[in-house]
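Undergrad: Sequence:
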Amino acid sequence: MGYSCGMGTFWGFTGLAHYWSPPCITITGNRATPLRGSARRLTLCTFCAGRFAPIFAHNAHKVSRPCCGRYASFRENNMKRIISITFTILAVSGCKTTSVKNDVDTAFQIAHLEYLGKKLYDAVLSEDGSSPYTSREQDLLEMSKDLVCEGKYKAVSVVDEKFETENIYLVLSPEKDSGVQFGRHLKFRFRLGTNDIVDVSPSTKTCLLVPAEGDSIPFSTHLVSNVPTEFHVFLSLYHEKPIYVSTSTGLWSVEAGKAALVK
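Residue 82 is where the sequence shown starts when you use the working numbering, and the numbers rise one by one after that.
When the alpha-carbon atoms are kept at most 25 Å apart in a straight line, the in silico SDA-like pairs for lysine to any residue are as follows:
{"no.": "1", "residue 1": "Lys322", "residue 2": "Val291"}
{"no.": "2", "residue 1": "Lys339", "residue 2": "Ala293"}
{"no.": "3", "residue 1": "Lys257", "residue 2": "Tyr202"}
{"no.": "4", "residue 1": "Lys199", "residue 2": "Phe189"}
{"no.": "5", "residue 1": "Lys257", "residue 2": "Leu222"}
{"no.": "6", "residue 1": "Lys339", "residue 2": "Glu195"}
{"no.": "7", "residue 1": "Lys235", "residue 2": "Tyr196"}
{"no.": "8", "residue 1": "Lys235", "residue 2": "Arg272"}
{"no.": "9", "residue 1": "Lys226", "residue 2": "Leu290"}
{"no.": "10", "residue 1": "Lys226", "residue 2": "Ser216"}
{"no.": "11", "residue 1": "Lys339", "residue 2": "Val305"}
{"no.": "12", "residue 1": "Lys243", "residue 2": "Ala204"}
Label-pair ranges, simulated between beta-carbon atoms:
{"no.": "13", "residue 1": "Gln219", "residue 2": "Pro292", "range": "28 to 36 Å"}
{"no.": "14", "residue 1": "Ser259", "residue 2": "Asp209", "range": "13 to 21 Å"}
{"no.": "15", "residue 1": "Ser212", "residue 2": "Ser327", "range": "33 to 41 Å"}
{"no.": "16", "residue 1": "Ala341", "residue 2": "Arg272", "range": "29 to 37 Å"}
{"no.": "17", "residue 1": "Ala337", "residue 2": "Lys226", "range": "31 to 39 Å"}
{"no.": "18", "residue 1": "Thr187", "residue 2": "Leu273", "range": "20 to 28 Å"}
{"no.": "19", "residue 1": "Thr330", "residue 2": "Tyr214", "range": "35 to 43 Å"}
{"no.": "20", "residue 1": "Tyr214", "residue 2": "Ala341", "range": "34 to 42 Å"}
{"no.": "21", "residue 1": "Thr187", "residue 2": "Gln219", "range": "31 to 39 Å"}
Quick caveat, the hints were computed from the structure, so don't treat them as lab data. Virtual Cβ for every residue (Gly too), placed ideally from N, Cα, C.
Given only the sequences and the hints, what does the whole structure look like? Please build it.
TA: The following block contains the structure:
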């Protein structure tokens, strides 16, 4: 899973952390050596292909086919620190997330974000905020402490049947009358039924609260994907008003659970 940046390509992680890890390989020089996971360790696993060198693997041999490379095994506190640094890099580098690849048909992208946005809205409404964080949610908050904004975050789980993932959302939820909180919310995708992280997607590059008094229509420039995201669908439903979003593909209107390109 990559992140397309203005300065080139930042090669991201297909498996940021594994609490229980399957057999993998480490690439050192020209040799591939099998490694097996440890129940008490978190590991760093990247996806490499073609000419791209894995992050944090400066001596790794470049391979011409996809590989799962475990380049280092860290104690949990070190791994959390690296993941936290990685999240910060993604947030400030202006990268596009590719949870749904940009070359996928746009109609599918829109249908999928509408589907997830409605599920996120239902999940947020059903969670009154009184339940304590699970241990996994607490870990995710701790890992992303350099990205979260001031305020209370609500953690909700949404199963994405289309991609067989469980999405854990950390949603910053201010009072409705304070405005539309475009960011920063966070999405962590896990392989369904596991603790394996597929990727992480921030809703925005910065903490962004837009006033939305009366009949005013909130507007935001969106830099992290080429179309709106489920966060915009959620926010439109939550505030019961249209939202306009400017992306690299044009101006979008998001209203009543639907996203459409303004012509």
